[in-house]
Amino acid sequence: MSDEQHSGGLDDLSLLELFRFEAEEQVRVLQAELMQLEQGHATKAALEGLMRAAHSIKGAARIVGLDPIVGLTHVMEDRFVAAQAGIALVSTEIDRMLEATDWLARLQAVPEAEMAAWLATHTAAIEAFTATFQQSLPEAAPTPAIPRPEATGADPPARPSAPQPAKQEQENGEDIFALHTAQEPQTRERTVRIAADRFDEILSLSSETLVTSRDLANYGVMLERDRRALVRLLEQVEEAADSDRPAALKELDRQTAKLAARIADLDLLTRSNELTAERLYRTVLAGRLRPFSDGITAVSRLVRDTARDLGKAVRLEVTGEGTRVDRDILERLEAPISHLITNAIDHGIEPPGDRVAAGKAAEAHLRVRAGHENGRLVITVRDDGRGVDPEQVRRRILARSLVTPETASGLSDRELLEFLFLPGFSTREEVSTLSGRGVGLNVVQSMVQEAGGAVTVTSEPGAGTAFRLTLPVTRSVLKVLRVQVEGEIYAVPLVRIDRVAHLEPAALADAAESAAFEVEHNGQAIPVVALGALLGLSDHALPAGPLPLLFCSGIAFAVDRLVDEVEMPVRRLDARLGKVPGVSAASLDETGLPVLILDMEDLVQTALGRSASAEEPADSGTSAPHILIADDSHTVREMERRLLVRAGYKVTTAQNGQEAWNLLRLNNYDLLISDIDMPQMNGIELIAKVRDNPRLGRMPVIILSYKERDEDRQRGLEAGADYYLTKGSFQNDAFRQAVVDLIGPAEAPAAEAGGEA
Amino acid sequence: MSDEVNSAPVTGRKNTFFERPLPPGYRDELRALLAERPPDALRHADSLLVFQLGDLRLALPTRVAAAVAPVLHVARIPHRAGTVLLGLAAFRGDILPCCSLSRLLGLPEAETISARTLVLEESAGRRWAVPIDAVLGVRLAQEGALNSADAKLASHWLRGSYRDEEAGGFDLLNDETLFRQINLATA
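Respectively, the protein sequence lines represent chains A and B. Sequential numbering from 22 applies to the first sequence in the working numbering. Sequential numbering from 8 applies to the second sequence in the working numbering.
Hint data in this document are derived by calculation from the structure and do not stem from the laboratory. Each hint should be verified, as a subset may be incorrect.
Claimed, not checked - Partial chain B-side listing against chain A, Cβ under 10 Å, derived:
no., residue
1, GLY32
2, ARG83
3, LEU92
4, ARG187
Note that the Cβ used here is the ideal one computed from N, Cα and C, for glycine as well.
Make the full structure from the sequences, and use the hints.
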């Protein structure tokens, strides 16, 4: 069987089933959060969650053409937006919301074959409900026209109508029988969804099989040893002359022959077993990868429908459909790509008339491209529409007082475009069912970030906009070179290695330090760095003689031994450990032992930083480390500032994440200390941006928060903070100590700089 | 569950047991049954796992002791040498952080041969590997036996000490403090 057949991949699923999966999850969110709301827990996060859940279902319903549901969820979303703006939901409205959620739950339980009939029966009721709902909306919520439902093009239903399951079952989002009713169509039963955890479990089990088969091989060696012992015994018997000798001899001979036959059998068995195990292992590994086309099954339909709804002509071109993508990432791709496409057609692409007037083809060209670049998965969504006008963005930033006029005028076009990803930021004045609420791009960004990636936007006014999603491939399988360093095995991603060689480094004659070496490579002198020392495992000097060297981006890393080249499944490093310098991920080798995968980019930066600082001694006098503090509490900010200035550091403060981000882009800081809960941009978002930025990515970050729960700590560390401290740590000196740990002590008390930004 | 399900005859291939309509109330009954958490026979709230760590005889509630494994290979983590975090260990296909209890508790680091690895479960799915020297057994925590007057560890680490003659006595670690400190020391 091919892995395609095993995997129960997305290609087995119809669009409607995909919708169902999405709706299932979001309905659960709606139900849970609405219940919370009813009990008076109307937090900002809960309202945001509700709004996004409604927004997601709306998007998914649009894809599958469930227009009454688009209308219904749109009204729900409007009301949640109004609630976010301060118009609290009263109890009757929550009832209505729950009733709407019931409709969604009911719809989600309808078998595909009966959907057309179900819609025919219930569309009128849903629309009537939506209309009543809409009339009761508060003034502040925008209420655009709801699209008329179009006739669904499905075949006539096999059954006259869908069974109406008991209400109480639909309210329970986890009805364990929902999948097993006798009326379920066959297609449902053929699909098997495997939880990612379970899949990983299969992977580790299969590697165990591999281990067992190797044990078997050892067993064969042992038997062979026994046979040799028998042979020796035979020789002894031969020497000892006795009357019993012929019989004993014969017996020994027979035993030996039998044993030899057994070993031969065992050998065959072992070999076939080892092959099987290895095949199993490879099959499971391959099962993680799916073609990119699987992740965008609904895109062409989406483009067609959206373009038709908006009266635009759009030609879709998808390239790189065969690009192999890790299934974890693939599952997270469809929603952001759909958002980007809807956005492109709604905002970017002009109506045909305007296009012709601007000298372009009436039919717009929308390109989606996937491919691997430098070991990363890169997806671009590019349109040839009107592009984004940076000045319009600038006006909008100012209109919403996101930055001061001085800062705004200093922002480059690229920096301006980054504001498009802010929550609630939209360049569009009116809100449609499609977009314009500013939810889209922020959602795209958070979804891509959740998958460990980043999204950037480039735009040329008049010529189009391109979104570039860069995602790590480090969630999937990595080709690595295993090396031994100080007795430990580490894996180095092959894509990061330019060359491997055994060379003898030459000591630098003029080096002040004794440990400076370099080698000649392509006529260039390349600095040699002992990987063990860089990883903090030892401070041994390089041994004399030729050494195995890994050349990466202008640095030669010396290791003890090159072990082998293998493929390894990549696992995320335990979030409890925070960011470990020089390490990107972990893996289990074929014998089940843990191996760390090195972050060569980080190591190269560290190595370069070291040699750079060795070459240029820090300029004296004004060299106090510069710290940026982001906290919305004036008291806390002032307290931190005084403490650090007293300790000799240079300090600048910012009142929220956005302000800090603007400062970070304009100046150089040695350390960022951030709160989590801040308006405009919170600490987690700020740190994620810092970590995503090539220049700022390695910057040490401390979170200082009131939140003491483990989940908060984990969230902070997952976002990339080096330390997570609670505000109580002022008392016990942990705060100052953390600063010293990360950037070292300041030489002498320095004058404070910057002040309130 | 209802008897009529079991007693109904199987009449043919098309009408198998699983295809027949469910008797009334069956779903609710089964849902209630499934919703009920099965009793966890092995993890009594009041049973303790007693183990040897250097000179100390320590105990932890068995509910946090997920497993005892042989010595695991520990992959060293760069820049964390000498800290409480010894490295990463693989256990049943999972990669777990491995911590030194001796370093955490500030005990003198006698180079004892850790014969066993205790796998601690802080919460579902959140596990830590901790090398220990031996497992001494499982005891039932008896009321009134607590007395931490002559414990060898600082009192904040302990819930109390057991000094019964036959077991030779042991100190019961405070698992909440332990996990909190492990988290602080490894982050």
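Now for the hints, and whether the structure bears them out:
1. Violation of the interface hint for GLY32/B is found here, the shortest Cβ-Cβ separation to chain A being roughly 12 Å, above the 10 Å cut-off.
2. For ARG83/B, the suggested interface contact is upheld, since its CB lies about 5 Å from the closest CB of chain A, less than 10 Å.
3. The criterion of a C-beta within 10 Å of any C-beta in chain A is met by LEU92/B, whose closest approach is roughly 7 Å, and the hint holds.
4. Hint status for ARG187/B: holds, given a least beta-carbon distance of 9 Å to chain A, under 10 Å.
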